Amino acid sequence: MAAKVDLSTSTDWKEAKAFLKSLSDKQREEHYFCRDFVKLKKIPTWKDMAKGATTKEEEPQYKKDKALNEKISLFRGDITKLEVDAIVNAANSSLLGGGGVDGCIHRAAGHLLTEECRTLHSCETGKAKITGGYRLPAKYVIHTVGPIAQGDPSPSQVQELRNCYVNSLQLALEHRLRSVAFPCISTGVFGYPNEAAAEVVLSTLREWLEEHKDKVDRLLICVFLEKDEEIYRKRLPHFFPVA
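Counting in the UniProt record's numbering, the sequence shown runs from 1 upward without gaps.
No lab work stands behind these hints, which were simulated from the structure alone.
It should be emphasised that the depicted structure is a prediction, and the values quoted were computed from it without experimental measurement.
You may find that some hints are simply not true.
To be verified - Below, a list of computed lysine-lysine pairs in the BS3-like style, where the Cα atoms sit at most 30 angstroms apart:
id, residue 1, residue 2
1, Lys139, Lys26
2, Lys39, Lys4
3, Lys14, Lys4
4, Lys234, Lys41
5, Lys63, Lys81
To be verified - Quick list of the computed label-pair ranges, beta carbon to beta carbon:
id, residue 1, residue 2, range
6, Thr11, Ser94, 14 to 24 angstroms
7, Pro193, Lys26, 37 to 47 angstroms
8, Asp48, Lys21, 44 to 54 angstroms
We put the beta carbon where it would ideally sit given N, CA and C, even for glycine.
My request is simple: use the sequences and hints to build the entire structure.
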């Protein structure tokens, strides 16, 4: 095991990252910023959540696939409390923290996250970069920068939003991360319409899972607002039919 590090006072993110990596999952719990963290096994899969759910008015866009329905979850709550391999941060281009979920993740992870982010020298829209999770229950944070749509996304911005998810998942593959939680990217101050974003998200995750389902255990859509939960509950059966 690497030398013990006090995550609240250490200024060496590399040392802290090596220390955390040397710990067992149980040992890491001592360093979480919260005690009310949520284990992955406590979150139902879409297969379990959606029993009896049917689409209305239109046919599902994809075929029923029980295996894929076990790989996707909808969770409403605080993404910083999820004990998963990685959470995705809806960052700004500086990667140094900001408002919304970005600020929440930086505050929960602690100052060492910002110190590592300084070494990444920003991030372009649609791209993704990865850091340690530090005091988060999640082992890693994947930072991605969504498009600033302000209500009317262009075709290029639709593709940029799709790229946020694809590039984040590519990093998960490269680092052998098997559980990844996504927030709603670009739908806050960046102004991407919530319903339109959900269509991009669900089609992207469905198509990615069809190709890579054996590489992950769970992809989580983490929402904070009731309206986003309603949107995803309504649209999930079209992309992940259960009946």
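Status of each hint after checking the structure:
1. Lys139 / Lys26: 12 angstroms, holds
2. Lys39 / Lys4: Holds, because 25 angstroms separates the two Cα atoms, which is no more than 30 angstroms.
3. Lys14 / Lys4: This hinted pair holds, its Cα atoms lying about 13 angstroms apart.
4. Lys234 / Lys41: Holds: Lys234 and Lys41 sit about 24 angstroms apart, inside 30 angstroms.
5. Lys63 / Lys81: 33 angstroms, violated
6. Thr11 / Ser94: 14 to 24 angstroms: The hinted range 14 to 24 angstroms holds for Thr11 and Ser94, with Cβ atoms some 20 angstroms apart.
7. Pro193 / Lys26: 37 to 47 angstroms: 43 angstroms, holds
8. Asp48 / Lys21: 44 to 54 angstroms: 32 angstroms, violated
The structure fails to meet hints 5, 8 from the earlier list, while all remaining hints are met.
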